[in-house]
Structures are given as C-alpha cells and as structure tokens.
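Participant: Fit chain to chain and form the complex, with the hints in mind.
Residue numbers (the numbering used here), protein chains in the order written: chain A, 2 to 124; chain B, 27 to 267.
Don't take each hint at face value.
Partial chain B-side listing against chain A, Cβ under 10 Å, derived [unchecked claim]:
| # | residue |
| --- | --- |
| 1 | Leu45 |
| 2 | Ile47 |
| 3 | Val50 |
| 4 | Asn161 |
| 5 | Tyr165 |
| 6 | Cys202 |
No lab work stands behind these hints: they were computed from the structure.
We put the beta carbon where it would ideally sit given N, CA and C, even for glycine.
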Amino acid sequence: MWLPFLGLVFGLALGLLTNIQIPSIYENYLSIAVLAALDTLFGGIRAQLQQVYDDKVFVSGFFFNIALAAGLAFLGVYLGIDLYLAAIFAFGVRLFQNIAIIRRILLTRLDEKRHERNKNSIE
Amino acid sequence: MMNKKNSKENFLSRKQFQLLIVCVTMGFIIGYSYNQAKDNRDAGSTNKELLEQEDSYREELIAQQERNKELSEEANALQEKIRKYEKSFVASKKDYTKLVEEAEDLRLLLGDLNAEGKGIRITLQDGDYNPKSANPNDYIVHESHIFKLLNELKISGAQAIAINGQRVLANSYIRCNGPVITIDGKQHPAPFVVEAVGDSATLIAALNLNGGVVDQLLNDNIVVSLEEDQKLTMPKAKVES
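If we strip away everything but chain B, and leave its shape as in the complex, we get (with noise of 0.2 Å):
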C-alpha cells in the first residue's frame, strides 16, 4: 500500500482513492435504485390502463346480456301471441285441430314451452365403491348411458325430457367431461334425474323390458330407481344469455 501510495502520490492519494470507491458505489446504488423504482411506476400505470380496459369491456358483456334477455323476452311473448292465434284458429276450423296438436308437441320437444303433466322419474347413480374392480369406469355412469336412456324414451313416446332440472332439446348434446357430463355447455355431476313428461304406463313398460335400458344399466353396475310422478313441471329451456 505504501508503495502504491508513494507512485502516485501526485495524481491519486489513497485518500481520494477510498473517497472515488466509495461514490462510485453510492452513485450507483442510487441510480439503480432510481431505475427500479421507475420501472416499478411504470408497470402501475399499465397494470391500470389493463384494468380499466377490463372494465369497459365487461360494461360491454352486460349491455350485450341485456340486450339478449329484452330479445328473448319478446321472442317469448311472439311464441304466446302465435299459440293464442292458433288457437283461435282451432275455434273456427275444427281441423286443424291435429295439427295444432302437433305444433304443440313439438314445441315441447323444442323446449320453448314449460312442460307440465304426468311422467316418470329415472335415477341413475354411480355404482358403490367395487375394491374389486381396478377400474373407476366400471361402475360410474356414463354419457353413452344417458344415450341409450334418452333414446328409449324419445322412441317411446316422451314428450319433454329434463336432465337434472335442464330441458334436453331436439339439437342438445351432451358430452363425457371426466366425472360429470357437460349437456348444452352445462355440467351435471351423478346422479343424473332423468325426468320425461309422456305416458308413464308406456315408458315405464318400454325401459323394463326384458334386456331393454333398465337391464343393460344394472348389467353396467349402475344404481337405477325408477318412479311414477303424477305431476312433472319442467322449465321452458332458458336462452344463454
């Protein structure tokens, strides 16, 4: 250190030496911190154009769902008005009474009506825990179940089907999504309430046959119970807003 003080006695003493280091560090701290704490500002004002651009276009979503329940509102009363005027129509020409009659059925089977009347009540539930069985698929139910469910009681004569509180249309889908089924973009977990407003004597007699639905569930170790109901109402299919 000496010898290093003494050679450059006349341009650096070690005084100023230690004094450059020192402010050199410090000059840098300060800079940097001053950097990042402007970045730190800057990242402030983006996140809250960010949220404001949220905002507004979450006004928008709602502006639009409102919009959408005004149309389907007057889409509703247009249905009403058309069915008055069709009925009517029966009073004067006795017939079109059939195909009134028709009309009306499949507006059931389109879901614009609230199905109201006698019917049956099919439960289907995930089999017990089977240790036996390696395999979960074994005894939870299935879309395909739902499938061969539907398909029995449409053939037989059903005329408005509900799925767990949620009208099953003429163009539904329902799709397998792990442990629940996704009908029209809904999920439902098991069990699955199978309501179907029609002849109950008929569709019970149709399920029960001899190696029809109800066999081919249980055969899949499926817990099935079956009920008559007097009085079924179901929810005209809502419009996703």
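Bound conformation, chain A alone (with noise of 0.2 Å):
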C-alpha cells in the first residue's frame, strides 16, 4: 500500500525539478491530462471501494483518457472549436461524482462501524 504512495511523491518530485518550458499553447493539453489524471485516480479509488476494482480497466483508463483528451484538444485546435472544453467537462462532471460516491461510502462505512460498536457495548 505505501508503494504507490511512493511513487506518487516521486512524481511529484520529479515533475518539481523538471525545467522544461512548454510552448504556451500546450498548456491546453497539461490542464486537461492533470484533469484525466485526477479522474481516473478517483475512479480507481471508488471502484475500489466499490469492490468492482480493475487494473486493467484501471490502468488502461488512465492512459487512454489522458490521449483522448490531449487528442480532442489537438483536434479542437485544428477545427477552431475548443473541443478541450468538453474534455474538461466531462472529467469536471466525473471527478464530482466520483468524489460524491467515495464521501458517501465512507459515511455509510463510518455509520456502520458506529452501530456496531454501539451493538457491542450493549451486549
């Protein structure tokens, strides 16, 4: 469990110290894989908790929403539509939800766990 975790501080450290200047009409792309990203780490964290968890459908989620977004917003350049706007809408409306379901399988987890302690008390 802290493997992932590692890797993520790792990440994180490694895209800190990276000085690489992007031009800035990529930033339309960056803005949108952050928000791929986040949706898919969420939606692994629901499945989870769901108990339907995937990793293929986890990990081919995360790489294949990230090149669809960056794709659409590539498209959207060329065609003169902001098509990324619809990438971070969908992801936008994802992330919510899935946020959404995550705080209410704790809350029901929480309440559980409070009822049985309460049973165990009485008995």
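Facilitator: This is the structure in structure tokens:
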C-alpha cells in the first residue's frame, strides 16, 4: 500500500525538478492531462471501495483518457473549436461524481462501524 | 508476464507495479503543471513591474515637457521685451535704426519671429514615373536639389525660408532619408513646398537665370512650379519639447 504513495511523491518531485518550458499553446493539453489523471485516480479509489476494482480497466483508463483528452484538444485547435472544453467538462463532472460517491461510501461505513460499536457496548 | 509476476510475487505484484507507474505519471503531471503555473505567475508579476516603471517614466517625461513649454514661453516673452526695448531705443536715437533692422533680419533668419510678407513659393515634385529609366533616383527630388534651391534663395536675399511649413533656420540640417527628407529631425515627403519671404522679383529672377537652379532642377526631371505670393506667413520655429 505504501508503494503507490511513494511513487506519487517520487513523480511529484520529478515534476517539480524538471524545468522544461513548453509553448503556451500546449498549456491546454497539460490542464486536460491533469484533469484526466485526477479523474482516473478518484475513479480507481471509488471502484476499490465499491469492490469492482479491476487493474486492467484502471491502467488502460488512465492512459487512454489522457490520450483521448489530448487528442480532442489537438483536434479542437486545428478545427478552431474549443473541444478541450468538452474534455474539461466531462472530467470535471465525473470528478465530482466520483468524489461524492466516495464520500457516501465512507459515510455509510462510518455509520456501520458506529452501529457495531454501539451493539458491542450494549451487549 | 507470468514469469515476471512469479519471480517478483513477494516484493512487487503486477497490480502494484501498474499502480506504481500510474502514480508516478500522475505525480509527474501534477508537479510539472504546478511548476508551469508558478512560472506564469512570476512572469505576470514582472510584467506588472515593468508597466509601473514605464508609467513613472512617462509621467516624468510629461513633466519635463511641460517644464520645457513653460521655459520656451518665458523665452518668447523675454524676446518680445527686448524688441520693445530696442524699438523705444530707435525712437530716441535714429542712428541705431540700421542696427535694429539688422537685428530684425537676423531674428527672422533664426526663426524667432513669425515671418510675414511678400515672397515666392516653389513646389518641387517628383517627376512622372518613367518606364525607360531603370533607376528611380533619376526622377525623384533629392536633398541636394533642396540644398541648391536654399542656397540660391539665401544668396538672393530671402529673409525667411520654410519647407512644407517648417522654418529652416541658420543652423538647420537637412538629410536624405530614402524617399523623404529630414529637416531638424522631422520627416517631410514630396512634394516639397519651399516658401521664401523676400523681394519676390529678385528671388524669381535669381532662380530663373539661364543655367540657374530651375534649369538644373528641370534637367533632373523634377517638376518645378514657381509662384509669387503677396502675403506669405510662416510660423516661428518651434522649440522641440
């Protein structure tokens, strides 16, 4: 369980230390990539809590979502339509939904635990 | 893959390995975009500083210009005072009349006064485009033509000269600047209207001499037109502020 967290810290440090400047045109792509990554991460946590987690779905979803979002933004730049807004919207909505589901699951679990404890103490 | 899974079963399962890669990528993206955003913020703040600096310089410049204007107005007032003083001098001592007249002439030459009076107006225009001539220099007005004209006018007693409305002073400079000429830092395009206050008969005669300036200009394919004006007015030379 500690390994992914360590990886996250390692990646964060790597990202902070790299000092490559990208042209400002591509900053849209970056923001979408961040959103896609966050979406997939929270999606994974939710799936884990709902006990439907599948690592294949998770990993493929992570990379595929990023690629799809970047592709959409790329297409949008060339068509003159702000297609990246679609990606941002979709990922934003899903992010909120996932977090809401996680919160509910955690709340119900908390409630159950409290009930059990109460039962135990009564018994 | 199965081999790898088996060999590393106790340390790193496949699931964990994949999770690790995802997390590293995720951390990298987030960290990188944080860096990017920080750079942008820094750039924004330096821009703001530059703008403020520019503003303060501009205000300084405006203050200086206002000060210049005040000073030049003061100078004009003093000049006027001197003239009045001289005139009153004339009234008392007629011997000095000539000197005062000379002073007046010199002032006209210096461009300290508004010039007004009879004079002539010469217009120099580029010649028509000539398809036979490959070199456009052959039919446009150059500053050397203007020099010739000015010298001739000065020699024949022009009291004040202006080109396209700008007074030409004793210490003015004229420079060729491609298709335009620069007079004391101001650019003027063709056609050039040269106005000269003075005895128009003498001036016209001087210019129209056989083989004189007008002839030379016509030789250089320049369209010259000469006219007499009973009342020319020229502004005094402005002090650049």
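Participant: Any hints from earlier that this structure breaks? Give me their numbers in increasing order, please.
Facilitator: The structure breaks hints 4, 5, 6; every other hint is satisfied.
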